[in-house]
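Take a look at the letters that make up each chain.
Number of protein chains: 6
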Amino acid sequence: MAIALVPGSFDPVTYGHLDIIRRTKGLFQDVRVVVARNSSKSSLFTTEERVEMLGKLCAEMDRVVVDSFDGLLVDYARQHGATAIVKGLRFVSDFEYELQRALANHRLNSELETVFLPTGLQYSDLSSSIVKEIARHGGAVEGLVPEIVQQRLRAKFALGNE
Amino acid sequence: MAIALVPGSFDPVTYGHLDIIRRTKGLFQDVRVVVARNSSKSSLFTTEERVEMLGKLCAEMDRVVVDSFDGLLVDYARQHGATAIVKGLRFVSDFEYELQRALANHRLNSELETVFLPTGLQYSDLSSSIVKEIARHGGAVEGLVPEIVQQRLRAKFALGNE
Amino acid sequence: MAIALVPGSFDPVTYGHLDIIRRTKGLFQDVRVVVARNSSKSSLFTTEERVEMLGKLCAEMDRVVVDSFDGLLVDYARQHGATAIVKGLRFVSDFEYELQRALANHRLNSELETVFLPTGLQYSDLSSSIVKEIARHGGAVEGLVPEIVQQRLRAKFALGNE
Amino acid sequence: MAIALVPGSFDPVTYGHLDIIRRTKGLFQDVRVVVARNSSKSSLFTTEERVEMLGKLCAEMDRVVVDSFDGLLVDYARQHGATAIVKGLRFVSDFEYELQRALANHRLNSELETVFLPTGLQYSDLSSSIVKEIARHGGAVEGLVPEIVQQRLRAKFALGNE
Amino acid sequence: MAIALVPGSFDPVTYGHLDIIRRTKGLFQDVRVVVARNSSKSSLFTTEERVEMLGKLCAEMDRVVVDSFDGLLVDYARQHGATAIVKGLRFVSDFEYELQRALANHRLNSELETVFLPTGLQYSDLSSSIVKEIARHGGAVEGLVPEIVQQRLRAKFALGNE
Amino acid sequence: MAIALVPGSFDPVTYGHLDIIRRTKGLFQDVRVVVARNSSKSSLFTTEERVEMLGKLCAEMDRVVVDSFDGLLVDYARQHGATAIVKGLRFVSDFEYELQRALANHRLNSELETVFLPTGLQYSDLSSSIVKEIARHGGAVEGLVPEIVQQRLRAKFALGNE
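Residue numbers (this note's numbering), protein chains in the order written: chain A, 1 to 162; chain B, 163 to 324; chain C, 325 to 486; chain D, 487 to 648; chain E, 649 to 810; chain F, 811 to 972.
Among these hints, one or two may not hold up.
[To be verified] So the derived label-pair ranges between C-beta atoms look like this:
no., chain 1, residue 1, chain 2, residue 2, range
1, F, Arg832, D, Val551, 53 to 63 Å
2, C, Ala479, B, Glu304, 36 to 46 Å
3, A, Ser129, D, Arg622, 42 to 52 Å
[As the list claims (entries may be wrong)] Below are the EDC-like pairs computed for lysine to aspartate or glutamate, each with C-alpha atoms no more than 20 Å apart in a straight line:
no., chain 1, residue 1, chain 2, residue 2
4, A, Lys156, A, Glu133
5, C, Lys480, C, Asp354
6, D, Lys542, D, Asp505
7, D, Lys511, C, Asp354
8, E, Lys780, C, Glu422
9, B, Lys294, D, Asp505
10, D, Lys511, C, Glu435
11, F, Lys866, F, Asp877
12, F, Lys966, F, Glu952
13, E, Lys673, F, Asp840
14, A, Lys25, B, Asp192
Simulated from the structure, these hints should not be mistaken for lab results. The model shown is predicted, which means the values in this text are computed figures rather than measured ones. Yeah, the Cβ is synthetic: ideal placement off N, Cα and C, and Gly gets one too.
Build out the structure end to end from the sequences listed, making use of the hints.
So this is what it looks like as structure tokens:
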């Protein structure tokens with residue numbers, strides 16, 4: 001019955017994100033992967049592109065839905081009956097930022113739990129910004145992101161389309 | 163179906179621990195609160211006393227079982243079909259220690275997830291050692307531990323029984 | 325005789341800030357709450373608005389003056405005979421940033437002490453940015469900021485005035 | 487009127503401690519340097535030796551009293567009318583430990599503030615344990631501790647008196 | 649034979665940077681100080697100005713070459729036969745950021761080591777941004793940056809040339 | 811010409827330690843792996859056992875010598891003409907502890923550099939204490955320590971020889 005949200009920018013999605021999604025699926029009945037429509041932060045991929053890539057990558061995972069949201073995550077959680085937010089933690093700096101948000105979200109909705117999963121060892125150096133920086137300079141990103149994301153990154157940077 | 167373990171020393175159990183147990187119950191089907199029989203670390207209460215106090219405090223919570231374990235937590239998890247370990251996080255130093263253990267446990271059993279819950283704001287200064295230090299000097303521990311634990315602390319220290 | 329500065333952006337002031345101001349008043353003879361005129365950082369409220377809100381909220385506190393400053397805080401401190409800067413600390417990341425600034429200020433003026441106060445438990449998730457994010461999406465900010473700030477936030481966001 | 491406590495083990499006192507005492511004196515009317523009588527922790531110097539060394543080193547500082555305490559620091563503070571506890575902070579690990587204690591002390595006595603001072607740059611590698619380790623192996627501790635402490639350390643270790 | 653890179657923004661170079669360069673020279677045969685041409689980040693000095701200042705300051709150091717680079721540092725390292733990247737560490741937040749980059753660079757080139765040197769005590773509050781902030785407001789930056797950098801800072805800010 | 815020390819307890823040596831030794835060998839001419847004879851800390855293996863295991867494991871590595879030391883590491887470094895101490899860093903808590911020691915050692919001998927290497931991703935959960943805890947309860951430690959160490963651990967714990 002329990003529904004968990006896996007929110008993020010996913011700009012673009014990495015193997016680290018997919019690992020968290022897969023493990024969330026092992027813990028919760030239903031999973032909603034939700035892309036934040038963050039108008040102020042300039043992203044490489046549009047929200048639609050990010051949702052589409054995630055959708056393809058999660059297509060074969062039953063019980064996983066991909067969506068986007070605008071506004072407060074606690075409101076989105078209420079609308080979809082979610083009882084947990086799942087975040088991967090790699091570093092102490094992640095932890096402090098996410099802890100602060102978790103406490104603030106708990107204040108807005110005391111029924112909503114934030115659950116932290118430690119990022120797997122092999123992914124702990126991996127972030128969307130590092131992937132973009134490598135791709136921008138023509139570096140190899142296999143092992144960091146799935147094939148479909150590699151293609152999109154090549155397309156973006158071939159066009160000089162930052 | 164999912165069974166979660168809440169392991170700890172619980173020497174003694176505090177309101178912070180009870181908050182984590184209650185929230186774990188909201189996320190998982192069944193909860194096993196497990197007291198570590200740690201022979202090397204000198205504890206104030208015996209394992210039996212700690213199990214008994216926890217048992218009384220969790221008596222009215224359905225789906226929560228109190229137990230103790232010796233040996234490796236991953237072995238205990240396997241024996242009881244648990245798929246998750248739940249730990250409360252208060253501070254960065256907690257986080258690093260628990261992250262290291264979570265990664266090591268994942269290595270020993272890749273099916274077993276460690277899940278971190280942020281400790282509630284009102285409990286983040288609370289630890290069993292601070293409770294013991296206050297009680298040892300006759301300070302007031304209401305608001306930190308339940309009535310039954312207050313009584314046991316008074317009994318221990320009245321007897322000079324450290 | 326001792327005069328303490330409580331500097332900050334206060335964009336907008338929260339209950340956490342007011343708690344630090346009140347406690348600084350308990351430790352020092354006179355308190356100057358000073359709003360940084362930071363031209364490069366885009367703020368939601370103008371310096372004048374921030375000074376006015378703080379002024380109203382500190383009106384009933386004797387020995388507390390509200391002001392703004394431009395330039396180096398050490399120069400402002402010298403002009404007003406202040407011997408201490410007071411900063412609230414919530415997190416490790418606050419601590420490192422503020423420690424670095426405290427050491428740099430001490431280098432510029434070895435008579436000026438920076439004093440850190442731990443933020444009260446109930447405010448440790450509270451920051452001006454989280455308040456703005458909630459208010460921007462129409463979330464409830466009672467319990468986070470005083471009534472006058474709630475009104476101003478509603479007015480700002482009703483006008484789409486970001 | 488304000489009285490501040492500077493508590494610690496001072497086993498032995500270092501130049502870093504003396505810097506904190508001197509700066510506390512600049513911020514508060516009266517200062518009580520208090521040595522914790524910690525029976526459980528094995529110390530190199532007895533409480534009496536630590537009080538005596540501190541007493542000599544603070545003899546020429548007016549408004550500074552040296553004492554020892556047993557029990558809870560909040561009780562000692564109440565007995566002596568102290569309104570602040572002052573602690574030096576060097577590192578993140580200091581910060582988290584002291585933050586937890588400050589919050590716990592605030593819970594026991596909401597009138598008592600804990601105030602953190604950043605340790606001066608030149609003392610941030612300095613701790614009593616490092617001093618003892620160096621002295622134990624016959625290393626030079628000038629620049630770390632005053633002359634009187636150097637003598638006592640030499641006397642202790644010459645006698646093999648650990 | 650071993651060649652080490654000391655990469656950075658150096659906007660502008662400080663005494664802290666020069667200390668790291670000097671110590672790297674003590675550990676490695678040849679040193680290449682490399683200024684990152686970071687088009688996206690707005691810098692105070694142009695890449696050319698930063699290279700020129702560094703060039704003058706390293707002129708008398710044999711075995712030290714100053715250069716700039718664009719693209720991925722691992723590619724630059726490969727082209728110049730470098731086997732190590734050297735970074736100074738001051739704070740925990742430095743450490744986590746640099747650790748992540750070091751792991752990512754190791755993934756791209758497993759022959760390339762990242763080596764961390766602890767920043768000297770007297771420089772640990774020193775950063776290019778703090779230097780710029782002080783200089784912008786006419787504060788004194790002797791003791792933080794060499795004479796040639798002081799002149800350039802005065803020239804920049806006299807011209808209102810931010 | 812440069813000689814580096816890799817000091818540690820090595821109780822017992824893990825694959826993480828061997829990775830640091832191998833990488834130190836890539837950066838420095840000669841490497842001395844030195845086991846700390848720490849009489850106060852109770853170790854599982856004697857200094858002689860630890861030196862012997864390390865000796866076997868480093869036998870095929872030219873330019874690597876295994877030794878033990880008592881006293882101050884700076885004195886040992888001086889006697890053997892070493893100019894660098896190499897330490898692996900996994901976590902923030904490692905970093906702060908090692909940073910403090912590095913600064914203290916630099917104070918005792920300003921010619922001696924401490925160099926930090928980030929522990930490889932696949933070893934960052936690995937510590938001698940976790941290895942001992944697993945082995946003590948009969949858990950599998952392949953993948954964590956070499957065959958020879960596995961044998962010794964089995965022998966120790968079979969004999970109940972803690």
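Results of checking the hints against the structure:
1. For arginine 832 of chain F paired with valine 551 of chain D, a C-beta distance near 57 Å keeps the hint of 53 to 63 Å intact.
2. Against the hinted window of 36 to 46 Å, the Cβ-Cβ separation of alanine 479 of chain C and glutamate 304 of chain B comes to about 44 Å, which satisfies the hint.
3. As the Cβ distance of serine 129 of chain A to arginine 622 of chain D is approximately 48 Å, the hint placing it in 42 to 52 Å holds.
4. A C-alpha spacing of about 13 Å is found between lysine 156 of chain A and glutamate 133 of chain A, which places the hinted pair at or below 20 Å, so the restraint holds.
5. With a C-alpha separation of about 33 Å, the suggested pair lysine 480 of chain C and aspartate 354 of chain C falls outside the 20 Å cut-off, and the hint is violated.
6. At roughly 15 Å between alpha-carbon atoms, lysine 542 of chain D and aspartate 505 of chain D fall within 20 Å of each other, so this suggested pair holds.
7. The straight-line distance between the Cα atoms of lysine 511 of chain D and aspartate 354 of chain C is roughly 18 Å, inside the 20 Å bound, and the hint therefore holds.
8. Of the pairs offered as hints, the one joining lysine 780 of chain E and glutamate 422 of chain C holds, with about 17 Å between alpha carbons and a cut-off of 20 Å not exceeded.
9. Between lysine 294 of chain B and aspartate 505 of chain D the alpha-carbon distance is near 32 Å, which puts this suggested pair outside the 20 Å criterion.
10. Distance check on the hinted pair: lysine 511 of chain D and glutamate 435 of chain C sit about 12 Å apart at the alpha-carbon level, within 20 Å; holds.
11. Of the pairs offered as hints, the one joining lysine 866 of chain F and aspartate 877 of chain F holds, with about 12 Å between alpha carbons and a cut-off of 20 Å not exceeded.
12. Taking the CA atoms of lysine 966 of chain F and glutamate 952 of chain F, the gap is near 16 Å; set against the 20 Å cutoff, the hint holds.
13. Our distance criterion of 20 Å between C-alpha atoms is met by lysine 673 of chain E and aspartate 840 of chain F, whose separation comes to about 18 Å.
14. With a CA separation close to 18 Å, the supplied pair lysine 25 of chain A and aspartate 192 of chain B stays within the 20 Å bound.
Hint compliance for this structure: hints 5, 9 are not met, and every other hint is.
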